[in-house]
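Undergrad: Let's have the full structure, built from the sequences with the hints guiding it.
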Amino acid sequence: MSVTGHAPPPFFKRGPAPLVRLFFFVLVSIVLLVADLRFHTLEWARLTIATIMWPLQRAAWLPIHVVDDIGYYFIRQSELQAENTALRQERIEATRLLLRQRHLEDESQRLRALLDMRMHQPVNGQIAEIIYAARDAFSRRVIIDKGLQQGIQAGQAVVDERGVIGQVIRSFPLTAEVSLLTDKQQAIPIQVQRNGLRSVLSGTGSGRLELRFLSNNTDVQVGDILVTSGLDGVYLAGLPVAKVSRIDRDNAYAFARIFCDPIAGIEHHGLVLILELRTPLPIPGNEVLMPEKSQRGNKEKR
Amino acid sequence: MQPTHSSRRILLPVKNWFIALSFCLALLLNLIPFGNLPGVPDWVALVLTFWCLHQPLKVGMTTGFIFGLVMDVVNASVMGQHALAYVFLAFAAAGLSRRVLWFPLMQQALHVLLLLLGAQLIMVFARMSSGAQFPGFAWFFSSVTATLLWYPLTYLLLAPQFRPEEKDVHRPI
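Chains as they are written, first to last, in this note's numbering: chain A, 1 to 302; chain B, 1 to 173.
What the hints contain is simulated information worked out from the structure, not anything from laboratory work.
Here the structure is a predicted model, which is why all the values come from computation and not from measurement.
Using N, Cα and C, we set each Cβ at its ideal position, and we do this for glycine too.
Any given hint could turn out to be false.
Claimed, not checked - Restraint-style ranges between C-beta atoms, simulated for each label pair:
#1 A:Glu276 to B:Gly136: 53 to 61 Å
#2 A:Tyr73 to B:Ser130: 42 to 50 Å
#3 A:Val34 to B:Ala138: 36 to 44 Å
#4 B:Gly118 to A:Gln89: 27 to 35 Å
#5 B:Gly136 to A:Leu98: 38 to 46 Å
#6 B:Pro152 to A:Gln89: 35 to 43 Å
#7 B:Ala20 to A:Glu93: 29 to 37 Å
#8 B:Gly118 to A:Gln101: 55 to 63 Å
TA: Shown next, in the form of structure tokens:
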């Protein structure tokens with residue numbers, strides 16, 4: 001009822017009863033929830049709304065950018081100089097390694113050609129910056145500043161200078177969503193660097209990772225480095241992922257509880273590298289490629 | 001002079017463009033990337049509660065549903081999560097509107113706290129039933145901050161409806 005009483009009370013034009021409307025909207029919401037969670041059929045709607053909301057979103061970042069800019073403005077000259085020197089040294093060291101790596105890669109290609117093995121794919125990538133962490137409290141996602149216009153697709157792996165960060169799960173025109181490894185629904189196939197033991201590492205949602213379903217007597221030790229195994233067709237082999245930090249071996253359970261800490265600076269913001277999508281090797285005896293499966297590429301548990 | 005029903009002050013009719021403007025500003029505030037900082041209020045939910053309490057004929061479940069969908073996209077959450085919560089929020093607020101506005105502002109704020117916490121509980125239920133992680137109890141703190149903002153928000157959003165006070169001895173009100 002209108003508080004002021006200026007309009008005559010609209011007794012007869014109030015539409016369906018509130019309970020009916022509630023029922024209708026709840027039904028639609030639940031259908032949307034199921035469609036998005038189970039069948040992933042709402043990406044087009046998401047893309048549309050995101051594109052419409054883009055100008056407003058851009059406007060909302062302005063204050064943050066201004067604060068950042070003011071912060072940069074007041075950084076002391078000496079700090080900048082020190083940082084510059086450190087960066088230059090780092091670059092020289094990296095160049096040395098890179099030159100050597102180029103040589104090794106060439107050599108490896110030649111050896112592999114000799115052995116008639118599959119060529120290793122060369123790695124290409126795009127540099128992007130993490131703009132902010134998504135506000136959704138139920139998952140761990142960040143937004144990066146490259147999107148469909150730069151050719152970013154869902155499924156691409158994201159790394160920083162130390163190791164794997166996560167995977168692009170959704171691409172908008174100018175931004176993309178990256179699901180971090182620590183997300184509860186994210187998993188990554190790994191192998192233990194020391195002995196080549198293969199397994200799947202999953203996030204726990206609390207900033208840590210867990211190796212699940214390995215039996216109590218598995219040869220995993222605290223301090224072991226886990227690297228990607230490359231079996232999934234998404235991540236390249238050999239990228240550092242995590243370090244084993246704690247192992248609980250309880251004989252009451254069949255499996256050991258193995259906790260790991262990510263090697264990459266997953267919770268930090270900065271520059272990241274988005275690796276190109278891998279074209280998966282054809283399965284022997286089944287020469288028909290399966291592009292659909294690899295394009296989606298998500299290793300998420302449905 | 002309190003903007004409650006027990007106040008003797010009569011408000012001007014609300015302007016539609018002002019409701020739209022307040023929603024747009026709330027959305028803008030929600031878009032500022034705070035990350036997972038606890039205690040950042042959900043402005044859209046707060047403004048929606050306000051208008052559902054004060055103008056239940058103009059703002060209702062449809063508005064809640066549309067803004068819920070927008071929030072789902074910009075928050076990178078599952079489609080329908082905010083929509084579901086906001087629809088329930090709008091329903092409950094519209095149902096309570098006749099009663100709540102008779103209370104002084106502090107007690108109104110307590111009602112609003114319950115409404116916002118209820119909306120957050122619905123979101124937790126919707127997401128955790130699909131296997132998402134529990135966001136931690138600090139997440140619920142955003143409702144408390146939103147509640148603390150009820151007092152200034154009421155005056156801010158009702159300001160265009162206040163009339164200049166003119167004393168007229170020949171008129172009873």
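Undergrad: Has the hinted range 29 to 37 Å been met by the Cβ atoms of alanine 20 of chain B and glutamate 93 of chain A?
TA: violated, 57 Å
Undergrad: Against the range 42 to 50 Å, how does the distance between the Cβ atoms of tyrosine 73 of chain A and serine 130 of chain B compare: consistent or not?
TA: holds, 45 Å
Undergrad: Does the Cβ distance between proline 152 of chain B and glutamine 89 of chain A fall inside 35 to 43 Å?
TA: Violated, at about 53 Å.
Undergrad: Quick check on a hinted range of 55 to 63 Å for glycine 118 of chain B and glutamine 101 of chain A, using CB atoms only.
TA: Given range 55 to 63 Å: holds, Cβ gap about 57 Å.
Undergrad: Could you say whether the range 27 to 35 Å given as a hint is met by the Cβ separation of glycine 118 of chain B and glutamine 89 of chain A?
TA: Because 57 Å falls outside the window, the suggested range is violated.
Undergrad: Given the range 38 to 46 Å, decide if the beta-carbon distance of glycine 136 of chain B to leucine 98 of chain A lies inside it.
TA: holds, 42 Å
Undergrad: Taking the beta carbons of glutamate 276 of chain A and glycine 136 of chain B, is their distance inside 53 to 61 Å?
TA: violated, 36 Å
Undergrad: Falls inside 36 to 44 Å, the C-beta gap from valine 34 of chain A to alanine 138 of chain B?
TA: At 29 Å between Cβs, range violated.
Checked against the numbered hints above, the structure violates hints 1, 3, 4, 6, 7; every other hint is satisfied.
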